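Number of protein chains: 2
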Amino acid sequence: MARVVVDVMPKPEILDPQGQAVANALPRLGFTGISDVRQGKHFELEVDDSVDDETLAKIAIGFLSNPVIEDFVVRRLS
Amino acid sequence: MARVVVDVMPKPEILDPQGQAVANALPRLGFTGISDVRQGKHFELEVDDSVDDETLAKIAIGFLSNPVIEDFVVRRLS
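Chains as they are written, first to last, in UniProt numbering: chain H, 1 to 78; chain G, 1 to 78.
What the hints contain is simulated information worked out from the structure, not anything from laboratory work. Among the clues, some could well be false.
Remember, identical chains collapse to one label, so a pair may be satisfied in a single copy or spanning two.
Said to hold, decoys possible - Below are the SDA-like pairs computed for lysine to any residue, each with C-alpha atoms no more than 20 angstroms apart in a straight line:
no.: 1; residue 1: Lys58; residue 2: Met1
no.: 2; residue 1: Lys58; residue 2: Glu44
no.: 3; residue 1: Lys58; residue 2: Ala23
no.: 4; residue 1: Lys58; residue 2: Arg75
no.: 5; residue 1: Lys41; residue 2: Arg75
no.: 6; residue 1: Lys41; residue 2: Gly19
no.: 7; residue 1: Lys11; residue 2: Gly33
no.: 8; residue 1: Lys11; residue 2: Ile69
no.: 9; residue 1: Lys58; residue 2: Arg28
no.: 10; residue 1: Lys58; residue 2: Gly19
no.: 11; residue 1: Lys58; residue 2: Leu29
no.: 12; residue 1: Lys58; residue 2: Leu15
As the structure is a prediction and not an experimental result, all values here were calculated from the model.
My request is simple: use the sequences and hints to build the entire structure.
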């Protein structure tokens with residue numbers, strides 16, 4: 001059994017209104033020095049050792065992200 | 001300038017219907033060996049070097065997560 005993390009983020013050229021809302025709110029709330037915020041999704045999967053990286057990439061492309069507007073990173077935790 | 005990542009996940013005792021939906025769908029779609037999926041949020045912040053860890057924790061608790069039902073991890077990328 002391994003724990004796998006998949007982080008899904010909007011591509012850099014895609015607007016991110018949720019992240020923008022946080023970035024705009026922070027100075028009004030007294031927090032300065034944060035110049036940009038982007039929001040994405042974070043998945044944690046419990047994965048059998050038999051599942052290879054290619055299968056994980058297929059799952060990330062097909063079911064965890066929208067490859068037209070999002071990028072993803074797959075990371076195996078120890 | 002530093003890049004800071006904040007991962008926000010539902011606490012272990014909180015049901016996660018989105019993650020559950022993915023976990024239940026994968027075997028039907030031909031992907032076996034994934035025993036659990038949990039879905040959370042992933043934030044990437046561009047942060048001034050003057051912003052300390054305490055401030056980042058305040059931002060994560062107050063604006064990026066709901067501490068009643070979610071845990072968060074703050075990570076500074078190199």
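Now for the hints, and whether the structure bears them out:
1. Lys58 / Met1: Close inside one copy (19 angstroms), not across copies (34 angstroms); limit 20 angstroms.
2. Lys58 / Glu44: within (16 angstroms within a copy, 24 angstroms between copies)
3. Lys58 / Ala23: between (33 angstroms within a copy, 14 angstroms between copies)
4. Lys58 / Arg75: within (14 angstroms within a copy, 27 angstroms between copies)
5. Lys41 / Arg75: both (14 angstroms within a copy, 16 angstroms between copies)
6. Lys41 / Gly19: Classified as both; 12 angstroms inside a copy, 11 angstroms across copies.
7. Lys11 / Gly33: neither (23 angstroms within a copy, 29 angstroms between copies)
8. Lys11 / Ile69: So Lys11 and Ile69 pass the 20 angstroms test inside one copy only (6 angstroms; across, 28 angstroms).
9. Lys58 / Arg28: For Lys58 and Arg28, only the inter-copy Cα distance (15 angstroms) is at most 20 angstroms; the intra-copy one is 42 angstroms.
10. Lys58 / Gly19: The answer is between: 17 angstroms across copies meets 20 angstroms, while 27 angstroms in one copy does not.
11. Lys58 / Leu29: Between copies only: 11 angstroms across, 41 angstroms inside.
12. Lys58 / Leu15: neither (25 angstroms within a copy, 26 angstroms between copies)
Violation of the numbered hints given earlier is confined to hints 7 and 12; the remaining hints are satisfied by the structure.
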